[in-house]
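Visitor: Listed below are the residues making up each chain.
Protein chains: 4
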Amino acid sequence: MIKVAVVGGTGYTGVELLRLLALHPEVELRAVTSRSEAGTQVSDLFPSLRGYVDLAFSEPDMAMLGGCDLVFFATPNGVAMTLAADLLARGVRLIDLAADFRLRDAAQWEQWYGVPHACPDLLAQAVYGLPEVNRGRIAEARLVANPGCYPTAVQLGLLPLVESARVDTETLIADCKSGVSGAGRGASVVTLLAEAGENFKAYGVAGHRHLPEIHQELSLAAGKPVGLTFVPHLTPMIRGIHATLYARSVQGAGEVQALFAERYADEPFVDVLPPGSHPETRSVKGANDCRIAVHALDDGHTLVILSVIDNLVKGAAGQAVQNMNIMFGYDERSGLRLPGLIP
Amino acid sequence: MIKVAVVGGTGYTGVELLRLLALHPEVELRAVTSRSEAGTQVSDLFPSLRGYVDLAFSEPDMAMLGGCDLVFFATPNGVAMTLAADLLARGVRLIDLAADFRLRDAAQWEQWYGVPHACPDLLAQAVYGLPEVNRGRIAEARLVANPGCYPTAVQLGLLPLVESARVDTETLIADCKSGVSGAGRGASVVTLLAEAGENFKAYGVAGHRHLPEIHQELSLAAGKPVGLTFVPHLTPMIRGIHATLYARSVQGAGEVQALFAERYADEPFVDVLPPGSHPETRSVKGANDCRIAVHALDDGHTLVILSVIDNLVKGAAGQAVQNMNIMFGYDERSGLRLPGLIP
Amino acid sequence: MIKVAVVGGTGYTGVELLRLLALHPEVELRAVTSRSEAGTQVSDLFPSLRGYVDLAFSEPDMAMLGGCDLVFFATPNGVAMTLAADLLARGVRLIDLAADFRLRDAAQWEQWYGVPHACPDLLAQAVYGLPEVNRGRIAEARLVANPGCYPTAVQLGLLPLVESARVDTETLIADCKSGVSGAGRGASVVTLLAEAGENFKAYGVAGHRHLPEIHQELSLAAGKPVGLTFVPHLTPMIRGIHATLYARSVQGAGEVQALFAERYADEPFVDVLPPGSHPETRSVKGANDCRIAVHALDDGHTLVILSVIDNLVKGAAGQAVQNMNIMFGYDERSGLRLPGLIP
Amino acid sequence: MIKVAVVGGTGYTGVELLRLLALHPEVELRAVTSRSEAGTQVSDLFPSLRGYVDLAFSEPDMAMLGGCDLVFFATPNGVAMTLAADLLARGVRLIDLAADFRLRDAAQWEQWYGVPHACPDLLAQAVYGLPEVNRGRIAEARLVANPGCYPTAVQLGLLPLVESARVDTETLIADCKSGVSGAGRGASVVTLLAEAGENFKAYGVAGHRHLPEIHQELSLAAGKPVGLTFVPHLTPMIRGIHATLYARSVQGAGEVQALFAERYADEPFVDVLPPGSHPETRSVKGANDCRIAVHALDDGHTLVILSVIDNLVKGAAGQAVQNMNIMFGYDERSGLRLPGLIP
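Residue numbers (the working numbering), protein chains in the order written: chain A, 1 to 343; chain B, 1 to 343; chain C, 1 to 343; chain D, 1 to 343.
Calculated from the structure, these hints are not laboratory results.
Some hints here could point you the wrong way.
[Stated by the list, open to error] DMTMM-like, lysine to aspartate or glutamate: derived pairs with alpha carbons at most 25 Å apart: (1) B:K3 x B:E140; (2) C:K224 x C:D298; (3) C:K224 x B:D299; (4) A:K224 x A:E262; (5) B:K3 x B:D86; (6) A:K224 x D:D298; (7) B:K3 x B:E37; (8) B:K224 x C:D298; (9) D:K3 x D:D86; (10) B:K224 x C:E59; (11) C:K224 x B:D298; (12) D:K224 x A:D298; (13) B:K3 x B:E28; (14) D:K224 x A:E59; (15) C:K3 x C:E332; (16) B:K224 x B:E132; (17) A:K224 x A:E163; (18) A:K224 x A:D298; (19) C:K224 x C:E255; (20) A:K224 x D:D299.
So here's chain A without its partners, still in its complex pose (with noise of 0.2 Å):
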């Protein structure tokens, strides 16, 4: 058992996450904080999580979060950054499921985020969260930076294609579908259902703050920079995200597929569909798996991959509870094993 707080449960990140924690054997939830809310019964918020948990949210109070083995933070960017240094020097482990230790260079963060960075020597040693690449450095992290949900359903249809230098990694295209629980629990107006409903668009052609996410780790995983053009649009769900990818083949398209199944083969959360599969996002609606088609077109050169994953599960909240399986030596399937929603 360990002693988990989270900070800021009152989005939907947030409250994913106290779902898969309230599932866990392995944790004991001692809070979860809210300045806006504190002094609220959490479940009075989140009434479906009546019975399950029985806390109200509380100040974040360092002395408190200080305590505990783990401190998820499930705020908006920009917090967990502020907090950091002091829990660490507390000795507690911290996994971030906002963006602030996702870039490695500060310089690029205040770009994209719009703000300096407010600790930017913590970036060496933040641990990008992605257990399909960095599993072992995960282990022995103090600082997890868990991935974002379109660089998550990204990467993994891309990396066993980077990795085997056997695309042209100049010319990749992500074309990625996100359901609107991805733009967080917030008051607004695009997201309205009377504006998001019976409605599909694209945003942020000319740039999103996962761009330089994504182009981070793949060119990492190829060795060199990456040319991606990365579109993301909004469609008329809640949950779940599609990333078609598209990428030219430069050793003949065969065998792709092969090349998948064994990348993935000893993964508990990537499922690698048969041949000429379409994956659907509902198969992983409240679960944690990945699940991917592999299409080689008849022209020979052009390479279809299909990946989808629930954007508040594998794409967040079930990314950080695997992070934390991994973290402290637990089955990497604990807590997560839930089949997706159907229908």
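Since chain A is already given, all that's left is putting chains B, C and D on it; use the hints.
Guide: Just chains B, C and D now, with coordinates in the frame of chain A:
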């Protein structure tokens, strides 16, 4: 041709009103005002109107508004009452799509809307704009209070029964379901797609602002105070209201179908369906129709009336245009010959 | 550990049952039968179950089924009754998720379901599987008739009132709204997304198969025949039932909250919300809970009860697992400790 | 006034065509045929048309159809080709909303549609009904092949680039997303709300019937065969297509905005948005417009074009009416002055 302005055109009733006015052969749209969006092209906020509305939002200007034949208020509650006296004095006729002039009793208005009424003296001359009841008075009106969406669906479903004293008016029940556009275009959490999608709930069981409006009008129709239970629900769609109405017959349930057919025989926008029907809200999506089905149950005394409208059309902007047509002597269906959009 | 088979696992109650059984610590799933899909891997039809159910659909085989401790029927109405006698004779216990054993009166069954009952002699020994009423009898039962979805939501919302004779049982009204998964996974026009999406409608006002079931059970609870008006509606979402129940108090409306709280104090899956609440269907999405709110209106006699379930869980597969737990002496919540999926 | 009939009016393109024809000032609708629904009032099947279409579905009658000026085929693929020769011989002009006359090569037709073409000799005289390319020929045509929905969105988004040889035509990518109404009104499992709702998936990656159509027309525009990757996706909404198009500039990406603006300057239904825009499918819901945004990425060679239509309007029935207007010399916008329905 009449000169028309819309005050407050940035919400859902506003944009729907603009869509309808753009198609109306007798309307010259002179201005669309919005303090918050002044200077913005209307079609930048609502690209669906590109090519149809070539105006920028403007600051409300009493001189300009005063030069119009008709001003619509598509503003939040409490705005029209602050400008109405001035505009009426300038000879302009007004249709308020909000609630400011719906209740005859200023004290009751204050109780439900939380602020004193700004011009209680005008309440007596305001005409409640339900054409099926007040057509003659609307034609003469200077100031029309356009009915609420729920009140329109409920009244049209109950009026024939209440007017004819065919039912026990003490035990009326209106179980109503609305799409989320009824909640407006303001940023909010509760009507986010991720909150209101894949979800159904009641709200306001203890009391909703549309209850006194329905109560007032049905009591007028009955000639005595009625007893009505009104439960609104939020349903995961954008447009549409479905009222399921329960009444106990005091004269046997027979001939109720004929009663409705006769009551609405000459109404251009009330469509009584054949016996045994179940009207769908989508049959009136984008249309000004109210479709009604009448069910007399086998127990011999229970009547179930099903009444559907598009909350933004017959429940708001369409009814306002219908009232305009009546006020200015146009064909009542002018600009409103629009079948529902199916699918 | 018990040996379990599912007959007819290709529908929505089937796949939901498989999801729950896959997580149950005491269940060894031996077979999932389907004539139409025999030979197909279950996880090919339902990729969400990849890694959780490693079986192919098989032809129903009485010898194999006869070797199980428990067989679930997740078949269409009319199938279980043709196999039940044989399986019971082999010592197998049965839970039928369809309607074959819900009505005590074979003539009434034939009237509503259109075919003669195949084994009317078994009706007397079938136990209606609503644990909140029949827990003791379920524990002993060989044959459990799992309740319908609407009946579960309506009964749990009305039972405290009917059992205590607190309301006029002649004028009960159940205005119910269901997601489309209740209509099943068969190809149809009426539940296409393009038909049922962005649409709301009533159906079956003149009579629905769940009415005699509700009537039978509430009359048993009341000790006399009740008078109930039941109007089901189709709402544009996948899962969830919301029952809005109207009753007239005969003893004053006070203390009704306490009545519900006491009635369900020891029930693991009935959650009575604080006064003034409006339960959301999504709070029970994927969960076996029924959430109830009680409203006593200001008129002093009208009670409005709001009751929500997931039609596929507490309204079908979850309740079936709950019944299984009771029948085999397991913790009633075993395998059902699953919070609702929000958002 | 022209005499018009619709063959096969029970599907989604049929009902949409009827909605538009009912509003058209120059059309006398003489018949709507359907073998399966013969005798049923059109407005019984589609209550939205009550008061607008006062006809019953009838059996196809060649004498009656032969007396019309124009017959629309809103039938499944393979029907129009069996009747076209006879009707043309009777002097009737035809618009086929299905695929029978879209491909010039009968062998290719057979390959993709699985049956031999019934009248390959007519293919040469059929005019592909994309007004933005073939306006002059449409005006003279006896037989118009109305384009598919995906092909319309893709071609309008790529034509300016392909015609001007501004891009590498070997590496075009069309990542397309469609609402489910594109799949038609037939009973099916895959487009049930409970299957297609809250879900996103690709389909037909290995090959889709719209690919040869797009390929044929873009190759004509390019003057040489193009290389196009086309991936369609099903998105959980009813109406709308969003095409995200990727092309590599061969002359630098500058001035592409102007290129599109000039190409479509005189087109009544193609709306090129200001730079930086992201068109929403809902902006064209129920409207005949195609809205396009052009993005030239910072890398200096990647172009991303976003193109949206309503699949049932500009992608089917609206474009058919536009073609009719051209064929009979009416104002091209007649009956099509309908802004999108927002929200």
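Visitor: Next step is simple, just say for each hint if it's right about the structure.
Guide: Verification of the supplied hints:
| no. | hint | result |
| --- | --- | --- |
| 1 | B:K3 x B:E140 | 18 Å, holds |
| 2 | C:K224 x C:D298 | 29 Å, violated |
| 3 | C:K224 x B:D299 | 17 Å, holds |
| 4 | A:K224 x A:E262 | 23 Å, holds |
| 5 | B:K3 x B:D86 | 18 Å, holds |
| 6 | A:K224 x D:D298 | 19 Å, holds |
| 7 | B:K3 x B:E37 | 22 Å, holds |
| 8 | B:K224 x C:D298 | 19 Å, holds |
| 9 | D:K3 x D:D86 | 18 Å, holds |
| 10 | B:K224 x C:E59 | 67 Å, violated |
| 11 | C:K224 x B:D298 | 19 Å, holds |
| 12 | D:K224 x A:D298 | 19 Å, holds |
| 13 | B:K3 x B:E28 | 5 Å, holds |
| 14 | D:K224 x A:E59 | 67 Å, violated |
| 15 | C:K3 x C:E332 | 18 Å, holds |
| 16 | B:K224 x B:E132 | 20 Å, holds |
| 17 | A:K224 x A:E163 | 11 Å, holds |
| 18 | A:K224 x A:D298 | 29 Å, violated |
| 19 | C:K224 x C:E255 | 24 Å, holds |
| 20 | A:K224 x D:D299 | 17 Å, holds |
Violated hints, in rising order: 2, 10, 14, 18; the structure is consistent with all others.
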